[in-house]
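Participant: Here the protein sequences come in this chain order: A and B. If you read the first sequence in the UniProt record's numbering, its first letter stands for residue 1, the second for the next number, and so on. If you read the second sequence in the UniProt record's numbering, its first letter stands for residue 1, the second for the next number, and so on.
Honestly, the hints are just simulated from the structure, not real lab data. Remember, it's a predicted structure, so these values are computed and weren't measured experimentally. Please note: incorrect hints may appear among the correct ones.
Claimed, not checked - To spell it out: a stretch of chain A is covered by chain B in this simulated footprint if at least three of its residues, at any positions, have a beta carbon under 8 Å from a beta carbon of chain B; those stretches are:
hint: 1; stretch: 8-20
hint: 2; stretch: 94-100
hint: 3; stretch: 130-140
hint: 4; stretch: 155-162
Heads up, the beta-carbon is just placed ideally off N, CA and C, and yes, glycines get one too.
Protein chains: 2
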Amino acid sequence: MAYELYYWDGIQGRGEFVRLALEEARADYVDVARQSGRGLGAGVMLELMHSRLEAHIPFAPPFLKDGELIVSHVANILFYLGPKLGLAPKVEKLRYVANGLQLTITDLVAEVHDTHHPIATSRYYEEQKQEAKARSAAFISERIPKFCGYFEQVLQQNPKGSSHIVGDTLSYVDLSLFQVIDGLRYAFPNAMKAYATAYPALAALHDTVSKRPNLAAYLRSERRLAFNEEGIFRHYPELDVAT
Amino acid sequence: MAYELYYWDGIQGRGEFVRLALEEARADYVDVARQSGRGLGAGVMLELMHSRLEAHIPFAPPFLKDGELIVSHVANILFYLGPKLGLAPKVEKLRYVANGLQLTITDLVAEVHDTHHPIATSRYYEEQKQEAKARSAAFISERIPKFCGYFEQVLQQNPKGSSHIVGDTLSYVDLSLFQVIDGLRYAFPNAMKAYATAYPALAALHDTVSKRPNLAAYLRSERRLAFNEEGIFRHYPELDVAT
Chain A
1 MAYELYYWDG IQGRGEFVRL ALEEARADYV DVARQSGRGL GAGVMLELMH
51 SRLEAHIPFA PPFLKDGELI VSHVANILFY LGPKLGLAPK VEKLRYVANG
101 LQLTITDLVA EVHDTHHPIA TSRYYEEQKQ EAKARSAAFI SERIPKFCGY
151 FEQVLQQNPK GSSHIVGDTL SYVDLSLFQV IDGLRYAFPN AMKAYATAYP
201 ALAALHDTVS KRPNLAAYLR SERRLAFNEE GIFRHYPELD VAT
Chain B
1 MAYELYYWDG IQGRGEFVRL ALEEARADYV DVARQSGRGL GAGVMLELMH
51 SRLEAHIPFA PPFLKDGELI VSHVANILFY LGPKLGLAPK VEKLRYVANG
101 LQLTITDLVA EVHDTHHPIA TSRYYEEQKQ EAKARSAAFI SERIPKFCGY
151 FEQVLQQNPK GSSHIVGDTL SYVDLSLFQV IDGLRYAFPN AMKAYATAYP
201 ALAALHDTVS KRPNLAAYLR SERRLAFNEE GIFRHYPELD VAT
């Protein structure tokens with residue numbers, strides 16, 4: 001039975017981290033809210049989230065349905081799917097290392113979101129623009145170097161070589177790191193301009209992943225939406241550093 | 001061999017979610033940075049985080065060492081420890097439900113942190129007090145009801161009864177929910193005043209957990225630090241609603 005992915009239509013957002021794994025593995029899945037042909041849209045997703053009958057409702061999208069089981073949160077979905085898709089380390093202990101890395105990505109993604117929404121998710125960006133500028137400045141000067149420096153060091157110190165973040169084969173964490181770099185470059189092109197010099201292993205990983213046949217085909221397809229200013233990674237020039 | 005927990009001394013912080021599980025299970029563990037008798041302090045923790053030799057360095061505390069394996073991030077540590085401590089659901093699929101719930105708690109905790117640090121973690125609260133007021137107002141009016149309402153509904157809809165958040169036995173998620181409620185009541189006493197009426201199952205869970213013999217003994221011990229204004233849950237009266 002096909003996996004069912006539930007996430008907002010129109011943005012890459014957090015759902016994209018799951019899509020990349022499903023696409024790389026060419027898994028059989030339905031992107032429920034995007035299947036306009038089935039006339040579903042986000043309605044079914046919201047209905048499920050607010051169901052009074054469902055035993056285990058998720059707090060927010062994305063979530064994955066595998067038969068009766070609903071798995072929520074990106075890192076949890078990937079932890080669950082990883083072994084099934086051949087995208088998790090074979091050594092069981094390393095799966096906890098992978099999960100730890102993925103949760104660091106989760107934290108980074110939350111901080112990216114807060115660069116444009118530092119006060120309230122419920123309010124428009126325009127209503128918190130001044131605070132967004134202050135938060136973005138701190139994010140660029142302190143947090144990007146901290147996170148990217150960390151991932152670079154982990155890559156460099158991987159006993160199995162710096163081609164992968166954990167173990168000696170591609171994992172879902174590598175795919176997520178590709179997405180993080182892609183997103184940061186979209187949102188903060190000036191701040192990220194020299195990133196390949198500062199973080200060479202991370203840049204190499206981004207390039208290698210983007211050229212994998214299944215992933216490259218996905219990136220060229222209509223299923224890959226473009227980054228936009230409704231998603232997590234948003235390009236507001238006023239939040240980037242000056243050239 | 002005893003588990004080694006690495007976390008800052010002086011605060012409950014994120015480490016407390018792990019401590020509660022270890023204490024409830026009466027597990028053999030060393031709270032490394034607090035073992036002043038061993039003359040260690042936070043130095044050993046930071047050394048490990050910045051090691052150039054370690055295969056898998058963690059991004060931030062808390063992390064757990066079990067022999068050679070280092071497991072980082074609260075939800076990951078609990079996912080790893082849960083079955084070993086008898087604090088995870090026995091049905092494997094429910095462990096992903098538990099992990100999803102724990103990750104929702106992780107998100108809530110990050111939002112609590114940002115009520116007093118909405119602009120930059122690196123700067124003092126006093127430097128971002130105005131923004132903290134705005135963020136706290138939104139947190140109290142929108143986010144507390146959303147998160148607590150969600151957990152209340154999950155408790156009420158648990159097919160095994162509302163005494164536990166998942167399955168029919170105590171899990172680490174129940175312990176974490178106790179801590180969240182305890183922390184929110186400390187940080188925002190006015191906003192939380194009527195919480196037991198609004199969220200009866202959550203309030204009952206908090207009370208039941210606090211009375212479990214092992215946990216009650218821990219809460220009375222010197223190992224349980226008091227909440228304070230260096231941790232995640234901070235009581236700044238100006239951020240709470242007026243009485």
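Participant: Mind listing which of the numbered hints don't hold for this structure, in increasing order?
Facilitator: 1
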